[in-house]
Amino acid sequence: MNASKRLSDPRCYQVLVLGCLLAFGVTVLDFGIHWQNALAILVTAQAVQYLGTRLVGLARFDPLSALITSLSLTLLLRTDVIALAALAAVIAIGSKFLVRVRGKHVFNPANVALVSLMLVSDQAWVSSGQWGSAALGAFALSCLGFLVLTRAKRAETTIAFLLFYGGLLYGRALWLGDPLSIPLHQLQNGALLIFAFFMISDPKTTPDTAAGRILYAALVASIAFVIQFVFYVPNGPILALVMSAPVVPVIDALLQGTHYQWQQPQGVRQ
Amino acid sequence: MRVLVTVMTAILTVMITTTAQAFCGFYVAKADTNLFNQASQVVLVRDGNRTVITMANDFEGEADDFAVVIPVPTMIEREQINVGDRAVIEHLDAYTSPRLVEYHDPDPCMRFEIAERAFSDASLPASAKQLGQSARSRGVTIEAQYTVGEYDIMILSATQSDGLVTWLDENGYKLPRGAARIVGSYLKQDMRFFVAKVNLEEQAKSGYQYLRPIQVAYESNKFMLPIRLGTLNAKGKQELFVYALTRTGRVEATNYRTVKLPSNFDVPEFVEDEFADFYRAMFERQTKEHNERAVFLEYAWDMAWCDPCAADPLSAKELRSLGVFWLGDNGSAEQRIMPQPAQNVFVTRLHVRYDAEHFPEDLVFQETGDRQNYQGRYVIRHPWKGEASCDLTQYHAGVRERQEREAQQLANLTGWDIADIRDRITFAHGDTPEKEPWWKRLWN
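From first to last, the protein sequence lines are chains Z and C. Under the working numbering, the letters of the first sequence match residues 50 to 319, in that order. Under the working numbering, the letters of the second sequence match residues 408 to 851, in that order.
Bound conformation, chain Z alone (with noise of 0.2 Å):
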């Protein structure tokens, strides 16, 4: 593959907006990620992202998903457990090679990892509120998170799971009779943009058209809705993604449309 050819690849500027999140996250916003765990999360995606291509008979080793994946973890996973971190990984790659209907995976990998672990164990959590919620902040990650989009060229989701969700937000503000800087301060929240522009806009887990995407994007913001604010259980959004994916399928059988492929050379196949 040659280098014009490489930087091509959305994933690319993914993997470099998410490092940069990172490195935000840990300097500035002192997240206190374990570098072990950042370790143990990078190592065991990669070496199951291996087995996996080896044992698929994939024609070549791509790391750069699981790289991204690996990112994704560490930005949001939590644990004091070396091991759940390990675990994480191959819940999240293995789920990649595991779960699948017609050559599409079903659970985007990260998201799939992080309620499994949540459901298993009190040792693993997410800190939605640690990105806080300033307007700058906000600004400053839809922006890159949108570059990340557009060279994906799969921006629906996001902007619709967006539109979705904050129109559920100002609606129970109006119906409430709250102020508008309530749905405001929850649609600034950082963890809430980097699920919008990171994890429900993954092109491998989405339905395959635009109208399906949008339709599945209305679905993950209703259900995340009420997980929040009926329930009142934290991670609506994670774990509504989790609850929907199966639907995807369902959505792809009635609306068909061609499957994404990341940027391959000719003739390989993933």
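Some hints here could point you the wrong way.
[Said to hold, decoys possible] Have a look at the derived ranges for each label pair, beta carbon to beta carbon: (1) 168(Z) <-> 791(C): 23 to 31 Å; (2) 711(C) <-> 169(Z): 25 to 33 Å; (3) 147(Z) <-> 457(C): 33 to 41 Å; (4) 667(C) <-> 105(Z): 21 to 29 Å.
No wet-lab data here; the hints were simulated from the structure. Every value quoted in this text rests on a predicted model; they were computed, and no experiment measured them. Quick reminder that beta carbons are idealized off the backbone N, C-alpha and C, glycines included.
Given chain Z, put chain C in place with the hints provided.
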């Protein structure tokens, strides 16, 4: 009559206890909640969806003037309400306070006595019938009415926020302007209102000179503190201390940043006499630095121990009185001379300075799996002042450098003027760094 949405205190004192030596260095002073004006203190015991909330009450006025209105997520039965012991909260405050370290002192003045909790009969006040009638006419339902300890308590629900606010107003609970909107929001979220006043007769019978904390136990997924009514208070920013007691680990806010206060650094010797000022100034600066939108972590520790201890860990009996329901009654432990450390209790102390502008939403919390210990700890290192049997020039130079570092750090943390700080430091033998010619350290 004034409604206390927050509990008030106006005493500014530093507690400097008698000195005593211990293993882990010396403990000098603590920055307890008395340092802050108008501080409310809330203990939240949480496991699964079970919550026990204890609201400290340091109201210092005529008991007749006391009234409190608290939104609660569920209906509250009488057995779910209790009147607690102020001493236990004071002990928890002391145990979790940011500390100035030099020597250790288990506070000898601290009393661990648990007051007998008085449940009086749920006899309805004579005017109950009239109250009910006037309530119905306002669309307000008095779901329950209890007398617990020295408090007359009602659980209210309503169809209209205006009706509820008017009814409360007529019955001596004067809410601040703008409350109707917030009350309406809570009602639509299916919350009830817990309102309490002091029953003077019961208070006289109880013999307590002060009002004891009200405790409520309930089951709800909502792990939150309603602070929005408090932000209506015209007195500016409110100060809130939350002590969370959990089984698994540290508690943090999910809708605001939770920030650890700077800790474990050396401060100049004179801070010993001004620990309160130092801590207040540092807290003030930290809140500004985080755009006045952060929740600050002051302590996170396994309740079984401490190092150094600002006060002994709470006993199992004290913790149970605060509502730590997963601790069994351990009668034998109480008979031992030393109080047994409680297992499986993790304490988190959070400090929030809030107003409506920066904290538009109620505080929502989550329990994490983090059991790493954290404490606000500040260290004074006294230079050697005794007789010397060798040349101390080099030692003194080292001390001067350290003192200068401490001065700069203090200036950074508090925003105090560096020149003032240097003036107050007794630098080790030799010139103070600022009196040296500017070029002396330029190339050397």
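Hints that the structure is at odds with (numbers, increasing): 1, 4
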